[in-house]
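> Letter by letter, the chains look like this.
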Amino acid sequence: MAESVIIERRLKMAVTKIEIEKLAKLARLRFSDEELEKFAGEFDEIIAFADTINQSVEGGTDEIRSVGSQLISFEELREDEVIPSLPNEKIVSNVEDKDGFFSVRRSKK
Amino acid sequence: MREMISELSAKLHSGEMSSVELTKEYIKAIEEANPRINAYVHTTFDYALEGAEIADKLLKQGNASALCGIPMALKDNICTDGLLTTCCSKILDGFKPYYDAAVWEKLKAQGAVLLGKANMDEFAMGSTSESSCYGAPLNPRNLDHVTGGSSGGSAAAVCANMAAYALGSDTGGSVRQPASFCGIVGLKPTYGAVSRYGLIAYGSSLDQIGPLTYSVKDAAVVFDAIKGVDRRDQTSKAFDYSSILKSLNQDIKGKRIGVAEEFFEGIDPDMKTQIYEGIKLFEKNGAEIVNIKLPALKLALPVYYIIACAEASSNLGRYDGIRYGYRTDSYDSIDDMIYKTRSKGFGDEVKRRIMLGTYVLSSGYYDAYYKKAIVIREEINREFNDIFEKCDVLIAPTAPNTAFSLNFKGASPVEMYLSDICTVPINIAGIPSISVPCGKDAKGLPIGMQIIGKKFDEATILNMAYFYEQNSEDKVGIYEGGVRI
Numbered sequence: 001m002a003e004s005v006i007i008e009r010r011l012k013m014a015v016t017k018i019e020i021e022k023l024a025k026l027a028r029l030r031f032s033d034e035e036l037e038k039f040a041g042e043f044d045e046i047i048a049f050a051d052t053i054n055q056s057v058e059g060g061t062d063e064i065r066s067v068g069s070q071l072i073s074f075e076e077l078r079e080d081e082v083i084p085s086l087p088n089e090k091i092v093s094n095v096e097d098k099d100g101f102f103s104v105r106r107s108k109k
Numbered sequence: 110m111r112e113m114i115s116e117l118s119a120k121l122h123s124g125e126m127s128s129v130e131l132t133k134e135y136i137k138a139i140e141e142a143n144p145r146i147n148a149y150v151h152t153t154f155d156y157a158l159e160g161a162e163i164a165d166k167l168l169k170q171g172n173a174s175a176l177c178g179i180p181m182a183l184k185d186n187i188c189t190d191g192l193l194t195t196c197c198s199k200i201l202d203g204f205k206p207y208y209d210a211a212v213w214e215k216l217k218a219q220g221a222v223l224l225g226k227a228n229m230d231e232f233a234m235g236s237t238s239e240s241s242c243y244g245a246p247l248n249p250r251n252l253d254h255v256t257g258g259s260s261g262g263s264a265a266a267v268c269a270n271m272a273a274y275a276l277g278s279d280t281g282g283s284v285r286q287p288a289s290f291c292g293i294v295g296l297k298p299t300y301g302a303v304s305r306y307g308l309i310a311y312g313s314s315l316d317q318i319g320p321l322t323y324s325v326k327d328a329a330v331v332f333d334a335i336k337g338v339d340r341r342d343q344t345s346k347a348f349d350y351s352s353i354l355k356s357l358n359q360d361i362k363g364k365r366i367g368v369a370e371e372f373f374e375g376i377d378p379d380m381k382t383q384i385y386e387g388i389k390l391f392e393k394n395g396a397e398i399v400n401i402k403l404p405a406l407k408l409a410l411p412v413y414y415i416i417a418c419a420e421a422s423s424n425l426g427r428y429d430g431i432r433y434g435y436r437t438d439s440y441d442s443i444d445d446m447i448y449k450t451r452s453k454g455f456g457d458e459v460k461r462r463i464m465l466g467t468y469v470l471s472s473g474y475y476d477a478y479y480k481k482a483i484v485i486r487e488e489i490n491r492e493f494n495d496i497f498e499k500c501d502v503l504i505a506p507t508a509p510n511t512a513f514s515l516n517f518k519g520a521s522p523v524e525m526y527l528s529d530i531c532t533v534p535i536n537i538a539g540i541p542s543i544s545v546p547c548g549k550d551a552k553g554l555p556i557g558m559q560i561i562g563k564k565f566d567e568a569t570i571l572n573m574a575y576f577y578e579q580n581s582e583d584k585v586g587i588y589e590g591g592v593r594i
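So the protein lines, in turn, are chains A and B.
Numbered per the working numbering, the first sequence spans residues 1 to 109.
Numbered per the working numbering, the second sequence spans residues 110 to 594.
Calculated from the structure, these hints are not laboratory results.
It should be emphasised that the depicted structure is a prediction, and the values quoted were computed from it without experimental measurement.
For every residue, glycine included, the Cβ atom is placed at its ideal position computed from N, Cα and C.
Watch out, some of these pointers could steer you wrong.
[Unchecked claim] Here are the computed lysine-lysine pairs in the BS3-like style, where the Cα-Cα straight-line distance is at most 30 Å:
| id | chain 1 | residue 1 | chain 2 | residue 2 |
| --- | --- | --- | --- | --- |
| 1 | B | Lys-393 | B | Lys-381 |
| 2 | A | Lys-22 | B | Lys-393 |
| 3 | B | Lys-449 | A | Lys-90 |
| 4 | A | Lys-90 | B | Lys-217 |
| 5 | A | Lys-22 | B | Lys-199 |
| 6 | B | Lys-199 | B | Lys-364 |
| 7 | B | Lys-402 | B | Lys-389 |
| 8 | B | Lys-389 | A | Lys-98 |
[To be verified] Here are a few chain A residues that sit away from chain B, every Cβ distance over 10 Å (derived from the structure):
| id | residue |
| --- | --- |
| 9 | Arg-28 |
| 10 | Asp-33 |
| 11 | Glu-37 |
| 12 | Asp-51 |
| 13 | Leu-77 |
| 14 | Pro-84 |
| 15 | Gly-100 |
[Unchecked claim] Quick look at which bits of chain B chain A covers, simulated, 3 or more residues with Cβ under 8 Å:
| id | stretch |
| --- | --- |
| 16 | 356-363 |
| 17 | 450-463 |
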């Protein structure tokens, strides 16, 4: 999306409840109507804050160069090696397990 | 007088007192003060006393390390085998990891004694520690004020001498800002200097573990003990550090100190005066002041929140109630279970950040936010690289304000984000920075001075901080309470 379109969009409208519901679904979160109301207001302010990066960069999104982060160098990767994994009984120690498997209750569907 | 780690260590090494005796003193101090201050959310006293017995044996054998037998605290997001580690979130209720974080593995091997896990903002997301599911820790300097965050419990435990030192994690200032609010020292090492293995992830390209200590020398001792490459953290680096403790000599002659006006915009006038007084002290003693510009600094905040939240939305995807932690009681399908578990398990701030992260990574917005933030991050890195051609360190405030009052309801989420302006650029660039006490404001609350350095040049920033600590007259003063030997 071009930079101007985003800024225009921000000026014209708030993030709608429908958009927030879509995002919540992607994030596997559910909000009650009351929560959604409060959240929509806050989220608008947060997106406007995130948008400040768009107002300040010359060139806009279309001219963004594709660069990788210098923080991680892919030239320094270590060799793969086989090492022992954690024992199964430890892995399932935080939940009620069934024969060493994670278990959830049977559900209708 | 409050004893430093080296002094406690001398007593343990000479046999003047045992680690078990010292540990019992700390336990007593925690039992007395923690109900008021809420620095610890899980205490591990039996484990501590077992550790102290092992330490005493190591001490008797000789050749024990400087940290052997010294009682300390870990932030509640650092994994400890078989001991509660909950990130102060309901979603990790009851979680006992099945392995030790690399830092705890190292410290334990050196005979460290773990008193407990320290309070924090839920998943390290916050600047006050008030989003902890266990309630906020209180600032020992003034109980009506917050400790700062997110490593607020670690800062409070060290400040109130309920631990000789503590480890925290710093994604956008979470070690330095609470250290500043509580009038202690906090070091954020270079990204890659300390293994993140076993640190519960928030923003993986920004997270770094660092010490909170009572003095600069203590910070050097702890950093010397936890640094180093680790094959289990691919971003850790094999940098050849020599002992930083041994290199501390207060020699600051000829050091070039960069001062960027951008860091001082909008900060409290009292603080500005104090920090500039500090800079003058360096100048009087032979350091050179270089005025520099950091035009990309204003972009650091949105860049930080976009990158940190994007990474958080991915990192926190694993909490589904299946393998550990909290799981909802009632559900009628596996999807329903995941939705309900996450919606009830995460607090408001965590949900806000997951939602922002999901938004900036979602189709149609990825280029405009996430990709652009990555590009600007490179630009900020370039600016810092250029600056470090001209100077050895940068000096700035640690935060634009001193400790907020408790339940500071006036601020919206974004207003709280803005208070991270002085610390987040350092995480974006992956460089090291230390916060050292620098006097008090009119209300008597501690101010923090931040000394920022080049990658893997912890030695210089610690030495500058050591000089300031030893020569400044702006003492914050010793907290009256806690362990006295």
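> Decide, hint by hint, whether the structure agrees.
Taking the hints in turn, this is what the structure says about them:
In summary, the hint linking B/Lys-393 to B/Lys-381 is supported, as the alpha carbons are separated by about 18 Å, within the 30 Å threshold. Between A/Lys-22 and B/Lys-393 the alpha-carbon distance is near 60 Å, which puts this suggested pair outside the 30 Å criterion. For the hint linking B/Lys-449 to A/Lys-90, the alpha-carbon distance of about 26 Å falls within 30 Å, and the restraint holds. Restraint check for A/Lys-90 and B/Lys-217: the C-alpha separation of about 21 Å stays at or below 30 Å, so the hint holds.
Using a Cα cut-off of 30 Å, the hinted pair A/Lys-22 and B/Lys-199 holds, with the two alpha carbons roughly 25 Å apart. Under the criterion of a C-alpha separation no larger than 30 Å, the hint pairing B/Lys-199 with B/Lys-364 is inconsistent with the structure, at around 48 Å. Taking the CA atoms of B/Lys-402 and B/Lys-389, the gap is near 19 Å; set against the 30 Å cutoff, the hint holds. With a C-alpha separation of about 67 Å, the suggested pairing of B/Lys-389 with A/Lys-98 is violated against the 30 Å cut-off.
For A/Arg-28, the requirement that its beta carbon stay farther than 10 Å from each beta carbon of chain B is not met, with the minimum near 5 Å. Residue placement check: A/Asp-33 keeps its beta carbon more than 10 Å from all beta carbons of chain B (closest about 14 Å). Against the 10 Å criterion, A/Glu-37 stays outside the reach of chain B, whose nearest CB is about 14 Å from its own CB. Remark: the non-interface label on A/Asp-51 conflicts with the geometry, its nearest Cβ contact in chain B lying 8 Å away (cut-off 10 Å).
Not every beta carbon of chain B lies more than 10 Å from that of A/Leu-77, the smallest distance being close to 7 Å; the non-interface claim is violated. Listed as outside the interface, A/Pro-84 is consistent with that label: its C-beta sits roughly 12 Å from the nearest C-beta of chain B, beyond the 10 Å cut-off. Distance check for A/Gly-100 against chain B: the nearest CB is about 13 Å away, which clears 10 Å, and the non-interface claim stands. Restraint check on the stretch 356-363 of chain B versus chain A: 0 residues with Cβ-Cβ distances below 8 Å, three needed, restraint violated.
With 6 residues having a beta carbon nearer than 8 Å to a beta carbon of chain A, the stretch 450-463 of chain B meets the requirement of three or more and the stated coverage holds.
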